[in-house]
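Chemist: Here are the chains, one letter per residue:
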Amino acid sequence: MDIIPQLIVNSIIAGAIYSMVALGFNLIYGTTKFFDLGYGALAAVGGYSVFYFYKGLGLNLYVAIILGILISGAIGLIIYRLVYAPLRKRKSSGMVLLVAALGVMTAVQSIVAILFTSQFQTLSRSAGNEAVYNIFGGVITQTQLIILILGLLIMAAIGLMFRYTLFGKAIKAVGDDEEVSKIVGINTVKVIGWVFFIGSAIAGLAGILVGFDTGIEPTMGLSLLLKGVIASIIGGIGNVYGGVLGAFLLGFIENFGIWQISGEWKDAIAFGVLILFLLFRPQGILKL
Amino acid sequence: MTKTTKTVLGIVGIAIIVGIAIIAIIIAVTAKNSSKPASNEKPTITIGVTLPLTGDVAMLGQSAKNAIELAQSQLPTNLKYNYKLVFEDDQFKPALGATIANKLISVDHVDALMSFGSPVGSVVSPIAEKKGAPHVNSFASASHVADGDYNFLDYTPSYEDSELFIQELEKRGIKKIVFFAQSDNQGAASIIDSFERDIKKTDIEVVSIQNFTTGTRDFRTNIDKVKGLKPDIYVLEATSPELEILTRQLRQAGINTPVTTMEAFEFSDQMSLFEGMWYVNGADATPWFVDLYTKTYGVSPKFGAANDYDGFSLLVKAVEAAGDGKTKPTHEQIKDALANIKSFDGALGTNQTIDSNGIVDSKAVVRTIKNGVPVTIAP
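Heads up: the protein sequence lines correspond to chains U and A, in order. For the first sequence, our numbering gives the first residue as 4, with consecutive numbering after it. For the second sequence, our numbering gives the first residue as 84, with consecutive numbering after it.
Treat the hints with care, since some could be wrong.
[Claimed, not checked] Take a look, some chain U residues computed to stay more than 10 Å from chain A by CB distance:
{"hint": "1", "residue": "Leu10"}
{"hint": "2", "residue": "Leu85"}
{"hint": "3", "residue": "Ala88"}
{"hint": "4", "residue": "Val111"}
{"hint": "5", "residue": "Tyr167"}
{"hint": "6", "residue": "Gly171"}
{"hint": "7", "residue": "Thr191"}
{"hint": "8", "residue": "Leu279"}
{"hint": "9", "residue": "Leu289"}
[Claimed, not checked] Calculated cross-link-like contacts (lysine to aspartate or glutamate; reagent style DMTMM-like; alpha-carbon spacing at most 25 Å):
{"hint": "10", "chain 1": "A", "residue 1": "Lys446", "chain 2": "A", "residue 2": "Asp232"}
{"hint": "11", "chain 1": "A", "residue 1": "Lys378", "chain 2": "A", "residue 2": "Glu403"}
{"hint": "12", "chain 1": "A", "residue 1": "Lys313", "chain 2": "U", "residue 2": "Glu182"}
{"hint": "13", "chain 1": "U", "residue 1": "Lys58", "chain 2": "A", "residue 2": "Asp352"}
{"hint": "14", "chain 1": "A", "residue 1": "Lys310", "chain 2": "A", "residue 2": "Asp267"}
{"hint": "15", "chain 1": "A", "residue 1": "Lys313", "chain 2": "U", "residue 2": "Glu133"}
{"hint": "16", "chain 1": "A", "residue 1": "Lys310", "chain 2": "U", "residue 2": "Asp5"}
{"hint": "17", "chain 1": "A", "residue 1": "Lys378", "chain 2": "A", "residue 2": "Asp428"}
{"hint": "18", "chain 1": "A", "residue 1": "Lys310", "chain 2": "U", "residue 2": "Glu133"}
{"hint": "19", "chain 1": "A", "residue 1": "Lys411", "chain 2": "A", "residue 2": "Glu251"}
{"hint": "20", "chain 1": "A", "residue 1": "Lys213", "chain 2": "A", "residue 2": "Asp428"}
{"hint": "21", "chain 1": "A", "residue 1": "Lys409", "chain 2": "A", "residue 2": "Glu124"}
{"hint": "22", "chain 1": "U", "residue 1": "Lys58", "chain 2": "A", "residue 2": "Glu358"}
{"hint": "23", "chain 1": "A", "residue 1": "Lys453", "chain 2": "A", "residue 2": "Asp374"}
{"hint": "24", "chain 1": "A", "residue 1": "Lys310", "chain 2": "U", "residue 2": "Asp270"}
{"hint": "25", "chain 1": "A", "residue 1": "Lys259", "chain 2": "U", "residue 2": "Asp5"}
{"hint": "26", "chain 1": "U", "residue 1": "Lys172", "chain 2": "U", "residue 2": "Glu182"}
{"hint": "27", "chain 1": "A", "residue 1": "Lys259", "chain 2": "U", "residue 2": "Asp270"}
{"hint": "28", "chain 1": "A", "residue 1": "Lys259", "chain 2": "A", "residue 2": "Glu288"}
{"hint": "29", "chain 1": "A", "residue 1": "Lys176", "chain 2": "U", "residue 2": "Asp5"}
{"hint": "30", "chain 1": "A", "residue 1": "Lys411", "chain 2": "A", "residue 2": "Asp232"}
{"hint": "31", "chain 1": "A", "residue 1": "Lys425", "chain 2": "A", "residue 2": "Glu212"}
{"hint": "32", "chain 1": "A", "residue 1": "Lys186", "chain 2": "A", "residue 2": "Glu253"}
{"hint": "33", "chain 1": "A", "residue 1": "Lys310", "chain 2": "U", "residue 2": "Glu267"}
{"hint": "34", "chain 1": "A", "residue 1": "Lys453", "chain 2": "U", "residue 2": "Glu133"}
{"hint": "35", "chain 1": "A", "residue 1": "Lys176", "chain 2": "U", "residue 2": "Asp270"}
{"hint": "36", "chain 1": "A", "residue 1": "Lys163", "chain 2": "U", "residue 2": "Glu267"}
{"hint": "37", "chain 1": "U", "residue 1": "Lys193", "chain 2": "U", "residue 2": "Glu182"}
{"hint": "38", "chain 1": "A", "residue 1": "Lys167", "chain 2": "A", "residue 2": "Glu403"}
{"hint": "39", "chain 1": "A", "residue 1": "Lys176", "chain 2": "A", "residue 2": "Glu124"}
{"hint": "40", "chain 1": "A", "residue 1": "Lys214", "chain 2": "A", "residue 2": "Asp172"}
Don't read these hints as lab results, they were simulated from the structure. Please read these numbers as outputs of a predicted model, since none were measured by experiment. Virtual Cβ for every residue (Gly too), placed ideally from N, Cα, C.
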């Protein structure tokens, strides 16, 4: 039973990574009702931006991280303006938007692979030598602790934004009914643009932190996105708090699920849980 | 402009375009025919090579390409044929390897094929066999890559690795091991199969085998499951980047037990992670090859480069034996000539032989990582 504390810590670490992805994804989905598959690729954009500025150009780490986050946000906004906004204006179907988003993800991944090659890279200069902390018998690294704290802070910030700012209320209004929001004078194009910027910036940050924890590769966004989507569906698609809850639940299910069986089953367990929720509780644990 | 004028001009325009196209076709066909060698010109043998030139093992693929090109540059001038190489990048992905193999055989009409590694070799091998194209793989642990009449393997087989590995475990007094295995990698699976057969003859206990799939990035729970078993050594059978991530996560979990492998360390470009660790690897390159490669490219050859040098040399030897110098030998003739090669000298040593399964006989070695560089310590 000595393993239980570490299993709990492992589950929390995994949940923290998934929650960061789910946060941005749910912010976008909750506002636009659009399954943005291209979102995952922005994690790679963030990671590779830091790789370029920090390891390539030798810039200060914090400057590189800020640039990485801003670039991810900016590219997310540009993609929205150039691809998704025109399609939405044309009242394109959900399938068209989904295919467009798939195209965006493939294109962004390919561009990253051409610029940086598809070789796996690490962002950390001291890979394997970072500080490690013992929490109630479980071991967690400094990077993993940062992921956990930042994820919770971002969730809190988004919650406060929704509750206490006009902008947050505008986002909720657009999410509830875009047409009525326009009628009451909300600039929905601007609001949605900002939502894409913020959501993409969060994706970029997730990619950066995963890059420090394990590493980066051009296709890293797809697996992160899938786990973020599963977490969102489990927790309540479009619900920012639900996504976080679903992420931690997924982390626990995966790690405890493979406790007594082979690790090869991890993905099968995750997708199995997704199917169960889609069949029996499609609205998730917390409704939108 | 009247409608009639427009119509006439349109027809004239189309006629001009069609005429240009016909002339272009005639020129192309004439040029193709005129590229047939004159009676005193040597025919050209085309060898298609699929390598991971980009991706996680690009450093090995690039080294392989260098070695093959080096072998080509060393060919004597008095051969019966000219030799042309066509390189394609498979990124170490089986699906790409299959597409490339089909293209090289059916579109480029290569006279022979070379491939790299077990994942790609495993898909190229049946294609080469079905289409009757001689195929040499120079980096596959999975000996089934040599199955069939048209497939040959110039790499230390997994059973050689396994035999030496177990001898070394026994020599070092190791009694309990834990295996981490990338179960969907053909090379790793072949090595583990050989190992599981051979280990039963000893009193070494495999206390746990932790299987994982390619793409796994979080090994923490797998590690926690075996931490309490306190093995004497961890055996890691994985390719990059899973190998490096797993090793770092072992250390993060506070495990300082030695790690070892059969061949995997030299897939990594972060060998300092394995500093001081011993492992078993395929046959060593000869000093003359290492010198030649280093002088030519300014860096030492990577693991497997000597095998690729020899793989190309074997094909040339077979073609020269099979052909009359006037016309190109058929695929079948090249295949038969390869199978008839009994002994040859190459970058891996003198008097190398090919067994009845089409596998070049070469022995494994024990190495360690010293100052970030592999060094052979036995035999």
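Chemist: Among all the numbered hints in the text so far, which are the ones the structure does not match?
Modeler: 1, 11, 12, 19, 20, 27, 29, 32, 36, 39
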